[in-house]
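Chains G and Z, in that order, are what the protein sequence lines are.
Taking this note's numbering, I'd label the letters of the first sequence as residues 1 to 769.
Taking this note's numbering, I'd label the letters of the second sequence as residues 1 to 207.
No lab work stands behind these hints: they were computed from the structure.
Since the model is a prediction, treat every value here as computed from it, not as a measurement.
Incorrect hints may have been included.
Said to hold, decoys possible - Computed list of lysine-lysine pairs in DSSO-like fashion (alpha-carbon distance at most 27 Å, straight line):
| no. | chain 1 | residue 1 | chain 2 | residue 2 |
| --- | --- | --- | --- | --- |
| 1 | G | Lys520 | G | Lys550 |
| 2 | G | Lys550 | G | Lys527 |
| 3 | Z | Lys167 | G | Lys520 |
| 4 | Z | Lys65 | Z | Lys167 |
| 5 | Z | Lys55 | Z | Lys43 |
| 6 | Z | Lys65 | G | Lys527 |
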Amino acid sequence: MWLALVAACIFVIARTQFSTDLAAFLPRSPTPAQQMLVDELRDGVVSRLTLVGIEGAPQDRLAAVSRGLAARLEHDARFAHVANGAQDRLRVDGEFLLRNRYLLSGAVAPERFSVTGLRAALERQLDLLGSPASMLVGPLLPRDPTGEFLRLLEQLREEGGPDKRGDVWFSRDGSRALLLAQTRAPGFDLDAQEQAHAAIRTAFEQAVHEQRADSARLLVSGPGVFAVRSRAGIKQDALRFSLIATVLVSAGLLIAYRSVRVLALTLVPVASGVLAGIAAVSLGFGSVHGVTLGFGATLIGEAVDYAIYLFTNTAPGSPPQAALKRIWPTLRLGVLTSVLGCAAMLFSGFPGLAQLGLFSIAGLVTAAAVTRWVLPELVPRGYSVRAVGTLAPVLLRLIARGRALRVPLIGIVLVLAVWLTLQGATPWNDDLSGLSPVSASDQRMDEALRSDLGAPDVRQLVVVTGDSEQAALETAERVGVVLAGLQSAGVLAGYDSPAHYLPSVAAQRARQRAIPDAEKLRRDLAKAAEGLPFRAGVFTPFVEEAQAAKRQPALVRADLQGTALALKLEALLVQRRAQWFAMLPLRGVTDTVALEQQIERFGPQGVVLLDLKRESDALYQGYLARVLQFALFGAAAIVLLLAAALRSLRRSWEVLAPLTAAVIVTVAILIAGGDRLNIFHVVALLLVIGVGSNYTLFFERRNMANAIPERTVTSLLLCNLSTVIGFGVIGFASTPVLSAIGSTVAIGAFLSLVFAAILTGRSETKEKS
Amino acid sequence: MTSGPIRRHRAEAAVAALIFIAGLLGGACSWAQEPAAGWSLEKLMRDLSQVRSSKARFVERKYLKVLNAPLELRGTLTYSAPGRLEKRTHSPRPETLTLDGDKLTIENPARRESRSLRLQDYPVLRAFVESIRSTLSGDIQALERFYRVDLEGGPAQWRLYLVPRDKEMRTVISLIRIGGSRDRVDLIEVHEANGDRSVMRVYGEDR
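From just these sequences and the hints, can you work out the full model?
Structure, rendered in structure tokens:
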């Protein structure tokens, strides 16, 4: 039956999809604004952006490589847009703006074409002609005396932006050429992202070869790059470190067991547990997250214990069933304790954590069941662990001496508990990025490239929701009027809007209506130009083009195709689940209160002001608070279970005291070591309680009295060694998630055993020795 | 949700478009005559580079095709080595242009406007501005980076002919003529590719 189950698991796993989308670890039902944020992180334009740096060669070589790279990527269908500062490639945008200026410009209104409006425009043009800008505006004046084109340029202009050497973007110190590439595939499509990055690398190598800039190095960063890299990292880390851990643990056990067969048997419950875990998650969720898988490797630490307890407690000459009978009640309680801890995760409401919970529960239950019903049949007749004879006396002596440490230990734990309370919230990592599986060095490189590119850090934006594209644009235009007012009042430095790139059809029609017919325009223009030195008839092109604009069909999204405006629009106007969202990023907000008051009036129309930092912090903190809450529920459930099973407050206390002490001291060590705690630490602490409860249960007096102390202490030592080795190794992984879990469990498990020996092991060792 | 570089790019592209349109007209012409013996561009530039600061009045006449009469502007020019230049127009309308390093600031008190540009984003403007600034600071390398430079005349009365090296730039400006005597600049003439031209005379320099 067991074999059939294993086969079924393998069958399910073979069809399982594995994902590394970090969003799985984000809450399932946040506010609509947060949902949009999460969606943007997953597949928004931002998620498609790849930042490229080229360094390590003379400046002119770097610029040449940048041009060569851009030229190649531009013809690659995998990229929607490539930019490196060279401007001749985007000339088409200018022509688009010029051609459609009367539909695009928000200044086009009836007053603009009245005699007074035209007079003001002409006077302004005269001013410009006196400045060096005349070189730029002069040639356009006959076509555009009201300056709509310049106004559009102005609107598109923004402070900052990367420096240039020649015509190519460079970092401020000139050591690094910069390029931006936007993939067509969304950021969460990791296979497509991987291909796109391979394409960048190949194009780079070709460009380097062509330019003979062999020393040039390529730096790539961005959400897609990170996702691909962390998938590879997690896979590699999980594989490599669980292999190392398995080898080390096996070596240790082999020395203790002196039997390859028994060693192999130890791994049977572990392997069955991992298989059952993956299969259960795959069936329950449809796919298995990379982090779950990484965590699964760590399950070795706990499941391996079950077999160790069984083998080590098997006395010479007696069958394993006898040992099982002795230890099974305690083991069962231990398994139940762990399952309760994990159940907290299962019901937490976060898909990622729920996966971890389900994985652990299925894995642990399977491993325990295999130990109970399958393993005893497979143990060689008359087998017994020899190391017991040499190790046990030493251990028992140590435990007896540990008693003296009891008071100092309690003192230290109390001091640390007070210290932790005083720390307040500071040791918590309050940043969503704390969850990121991206290594610190990659994050630093990303920051460097971003600051080189001068990408403005958008913190606040107004989000407009609409039932249709036009509805969203029309509301965005109404909000834009208010924002423009706030801008002149100095409340904000500027804002952007999708309606700048694609005005609503209604707005375009209104602008067309604002243009007077040819005869009136000609007459009013002549009146406005009276007394000004403009040559007669010079504005004929203007009258003609304005009339053409009056009749031209309204612009739609497709008209923007091929311009960089289309990309901008795509970023600012998105459709999600039948809803349209228009985003209006704000710059330099000085008075948030005034801004909020104005935007609140639009509330009923589906308009919200979003503070990205505040929102993502709230998202994370809400998340953290809920995980903590569920962890506490789990802990409470464990306390109740133990109290019910042991039917004695004193006995429960003896089991729980060392665990509590271990958790407190572990957290203190982590914080003192400079770690900022995140959700994965909480999960790891739950695991500490799961593993540690086995130790303390076995140490607890009644259980110890029923057992053979020599065998019990030896089995505990072996279990602990395997856990500390297994998790300690994972603590060195470069993926933050894995290293957090690894180091926390290694420290916590070790402390649990030592504290159990000191706090609980006292009375019976005295009695027995 | 936005990215500055992309948007910035667009503005540049649009300016490039402007330049492109401007360049649909016009071509370039070339001037050259040998300077006086025993005197050279290097010597002139060295003399100019000795000047630490200067201030002068100017009268600028702009002959533009769109206007039926030349535009006349009056004001003062202030220069301090190596990179700061201020052009303060008094009439017909007050306006101040300040060039400091890479930053060009235009202030119009009547409209209560002030805007700054980074020259690197406007290559044509930058090349134009460098023609004057590099001449004043005697920076021969900067000048030759943007222009083919020819010198005519002698120390007492010299003329620099600057023809843009960049093809794109030549579609806007065909020639800049800077004239002076010893280490003083007294004439800046700009010939645009479309036939427009401006002539600025600089008077009464006092140090």
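Structure-based check of all given hints:
no., hint, in the structure
1, G:Lys520 <-> G:Lys550, "14 Å, holds"
2, G:Lys550 <-> G:Lys527, "22 Å, holds"
3, Z:Lys167 <-> G:Lys520, "42 Å, violated"
4, Z:Lys65 <-> Z:Lys167, "23 Å, holds"
5, Z:Lys55 <-> Z:Lys43, "23 Å, holds"
6, Z:Lys65 <-> G:Lys527, "21 Å, holds"
Hint compliance for this structure: hint 3 alone is broken.
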